[in-house]
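**Student:** Here is how the chains run, residue by residue.
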Amino acid sequence: MRVPLKWLGELVGLPADREALAARLTLAGLEVTECETVGGDWKGVVTGRVLRVEPHPNADRLRLVTVDPGGPPQRVVCGAPNVAEGQLIAFAAKGAVLKDPRTGQDRVLKKSRIRGVVSGGMVCSEAELGLSAEHAGILVLDSDAPPGTPLVEVLGDRVFVFDLTPNRADALSVLGVAREVAAFTGGPLRPPGIEAPREGSPIAGRAAAEIHDPDLCHRFTLALIEDVEVAPSPKWMRERLAAAGMRPINNLVDITNYVMLELGQPVHAFDYDRVREHRIIVRRAAAGERLTTLDGQRRELDPERLVIADPGGPIALAGVMGGADTEITPETRNVLLEVANFDPVTVRRTARRFDLFSDAARRFAWGLPAELASAASSRVCRLLAKHAGGRVAEGIVDVWPRREAPVRIRLRHARLPQVLGIPVTPDTARGALERLGFDVDATEEDTLEVGVPGWRRDVRVPDDLVEEVGRFLGYDDLPASPLTGAIPHHPPLPARELRERVRDLAAAAGLHEVQTYTLLSDAELEPFTDADDRAVRRPLRVQNPLGQARDTLRTSLRPGILGAAARNLERGEPAVALFEVGRVYLPRPGQPREEERAVGCVSGVRLDRFGNPTDEPLDFFDARATLERVVAGLGILVSWRPGEEIGLLPGRVAALRLCGRGKGVRVGVVGQVHPETAERFGLDGDVFLWELDLSRLLDRAEGLTALPQVQPLPRYPAASEDFAFVVGAATLAEDLLEAASRHPLVASARVFDDFPLDRRQGHPAGARSVGVRVRYRAPNRTLRDRDIAKVRRGILNRVRTACGAVVRGNG
Amino acid sequence: MSVSEPVLLSAAEVEAALEALADLVTDAELGRWRTANLGRKSRLSLALRSLGRRPVEERAAAGRFLNQAKGKLERGFRDRRAALKAERTRALRPLDVSLPGRPLPRGGLHPITLTERAVVAAFASMGFHVIEGPEVETEYYNFEALRIPADHPAREAMDTFYLEGAEETPLLLRTHTSPNQIRFMERQTPPIRVIAPGRTYRNEATDATHEWMITQTEVLAVDEGLTLAHLKGALYEFARRMFGEDRTIRFRCDYFPFVEPGVEVAVSSPRGWIEILGAGMVHPEILRNMGYDPEIYTGFAAGLGVERIAMLRYGIRDIRRFYENDLRFLRQF
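Going line by line, the protein sequences match chains U and B.
So the first sequence is numbered by the numbering used here: it starts at 1 and just counts up by one.
So the second sequence is numbered by the numbering used here: it starts at 812 and just counts up by one.
It should be emphasised that the hints constitute simulated quantities derived from the structure, not laboratory data.
Values in this document were obtained by computation on a predicted structure and should not be read as measured data.
Ideal Cβ placement from N, Cα and C applies to all residues, glycine included.
One thing to keep in mind: the hints can contain errors.
Claimed, not checked - Here are a few chain B residues that face chain U, going by a calculated C-beta distance under 8 angstroms:
1) Pro916
2) His921
3) Arg1004
Said to hold, decoys possible - Simulated restraints, written as ranges between beta carbons of each label pair:
4) U:Asn780 / B:Gly850: 56 to 62 angstroms
5) U:Val605 / B:Tyr1125: 29 to 35 angstroms
6) B:Asp1137 / U:Thr37: 24 to 30 angstroms
7) U:Asp530 / B:Tyr1125: 29 to 35 angstroms
8) B:Tyr1125 / U:Glu573: 30 to 36 angstroms
9) B:Tyr1125 / U:Glu595: 53 to 59 angstroms
10) U:Asn82 / B:Arg1124: 55 to 61 angstroms
11) B:Pro981 / U:Ile646: 44 to 50 angstroms
12) U:Gly389 / B:Glu1015: 43 to 49 angstroms
13) U:Asp17 / B:Asp1137: 28 to 34 angstroms
14) B:Ala929 / U:Arg412: 39 to 45 angstroms
Isolated chain U, as found in the complex (with noise of 0.2 angstroms):
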């Protein structure tokens, strides 16, 4: 909300400093945003009434001026030949901003000492002020500001942009804003005078209202004005619109706005002799009925609108827009002014069903009193009847079928420290609490008892009367108090444990972390999504979306790292390595089940010893090699076996399952993506993603929050052996390391190197060799040779049978 200054100015008195002013308003929760001037922005430039006139003791054309510009006299040189005693003028101290008439560049005003005489600041020309090129004389003003208003406010406006929280409908209007004003300065309040003269004939008979629907319609009232004349409406009120962001029409129009805008209460005017019978009915819509509103858009009416009909039909929508039949025009002769008071959450509704937030619809939504209307009503008539030439006929219409009873509540004084923190005395509150307009009685001997003020709807219970205290003393004297008490002990949460332990592994196994964002397209879910599964739960989506491509509620991380990987992989990274851990929603009936994921991917190339990117491709097992970090760090065991995963290519796929308690449970899965896949991405190159299921490991995985505990540090050494099994192109690595592993004196077994063997030597199609390092080691003594040579034809046995795996060399 816009409030010009000039206006507010005329309500309530103003202090000197504005920005001040601002500052405070903000800080009590009427929060000033801009403080935006209309017309010049004149820094340092201040009217001021020039007390003497002298001349120059040194030079003919000059004169030695004195102002009195609000505070200790000046005395100025000035060459201009118009000024004289008693003028108000334009007096720019040192540091003022001005134009130089010559050049037109702004320059600092400096104290400057013109043939011998020091000059203290300057009586300005137009042309120093940028208003015109006028520079022959000094710019005499016809004003009666006192010396040191800011120029500004005499030749433009200052307006206060207001960013306001919507309990305070009371301060949607300049009295609102000067109410509060006057509540935190002292500055006199002076209400805008409402008695209109009522010259007319009586309205009884004339016009008349009923309303169908208390419930929706708390007040209706009507008043009529005869014989206006439709004319632009004085300088003053179109410059107070305008500045007040309203454009200016004619008289009948700019009066209903600006006393919309000054007192809160939105008003309308009927063409009075184009309201059938003259008499209103405030009722539901019929169903079907329909209405052409004032911007022309035919609307198609409910019963759930509110609608302000005569007997031939609707002909406004209540407290959002008129009705065209019914408009004001420039031949309007009779207006009949309607002020009403509605229930907001009708008002609410209907603005957003039409989308026609309009200021008047915005008053109304928030909540009006029900007392307000009259007095608008009477505030619209007396403006009418002195600039649009009407005729005010006697009495108004008013229906006003339930009245609220006013609001008293009742404030133990205990309750202000409990929640402010600070001693208040009675007095003290009291003194806040009548500053800003309650009524406080203070006999009883612990409680106020405090009537609260119409305008404020938004005060019900004590706590509200509390803020208020506690706005009116402001809370920066209010201390920092540190916490005491006891610390509560809250159950843990082993979820947020094992996100973060996952980010840090992740982190440091040299995945950078990315977040994405939880809505996507359903495109992109789809190629991660099993088609049957699809077709039952589909992926929750946005009734309202941002756009297409954010309309799903993610079920994978996949598509969002793959999205990230590749705008980087785009913008000419040569290789990128991502993370990321969050929740995907799997719908079920009610709320879905928000489930945690870690994703991570792999592609690009490899880097040499400078970091330049070399011809070699990153591949599956360097994409393994930082899931492995992971799992590893988490501590717990997992078995890597070809699996399948829809998005990912066959045979180029490990799924993970545990191995312990809840063995076999899958809780992962690694493997080179689809190059279709892929594709879809804008993905060229390979690319390889794991995916670890966190919900699911921290249901099923055993000791994942336990500490790891310490094995002692072997006594006796470990003898190794190298052995190279011949095996097919299926054996897996994993089974023959298991196969060897299966002794309690083999202490480890690893893949020491992997090869193919050439079928030129006799090697059937696919035939690898698998080099397989072993470790022996007893805990209580060390091995003899004949000790090995037992465990090693247990070893070669157990491949055989397992894996039909022979020693290379062997036959």
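Got chain U; can you put chain B on it based on the hints?
**Tutor:** Using the frame of chain U, we list chain B on its own:
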């Protein structure tokens, strides 16, 4: 049997072995020499081991000779090895030490993760415990229980994403982390000190300072004797931990339906006051609805935007950077 014949080592053999040392250059050659001349199967070792089989009158002299020979050979070996090492060290060429090291893979955490952790740590130091809740919420938890009934004007400021289906109990993406207040208070009794970080959603256009997806953190404390001054104390401590010891905070009156009084909190900065969060005293009606007596228990709540705090801490000008995931941005943390 020849096996029982004692092994003899002549002085000439020893001299020859010592002379051969001078031709050795590599570590492997040195190793082989050592095995041949000092190893378990060397002539020296065999001679020493077979000493007992020699006539008694020879043993003393032979023993002395063999021990001297062993000393000579060992010394010769050590000297040769030292000489070779010194030679190699002399031959080392200086490095360009200004060349970079071999690159190690480098990962990192997202600035939102880092900032959220800092926020959590700041409140954890004051005894706050982390809780979490669903992002897909009901109108009850997101609005109604927080005193924002249907058609309340405060809903205007919270453009909400509604989900398709579920007409009887509409589901939405939570617009703030405040539903966590209700969910936690329903299950627990005072005293309460919790902090609830998580993603929240507003259906609004994005620009340099607005995102439709925001990471918020809810703060809630309920106990006997908590006042607005404690809220100020907790947030003052928080501000100093997040932004530096010399920071102060300012309250200004603001409105959120679920607190009373409500305040907007600004932190001092070299460029003036910067508003960082909204807060207030938990509305007595909410406490009462949770079964807490508001005459006994009071509480405070705050909701802060992690992105906003991250922007201030790291000097980020455009909020959209966070979810673009440009590695040039991510590598800077």
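**Student:** Determine which of the earlier numbered hints do not hold for this structure and return their numbers in increasing order.
**Tutor:** 4, 6, 7, 8, 9, 11, 13
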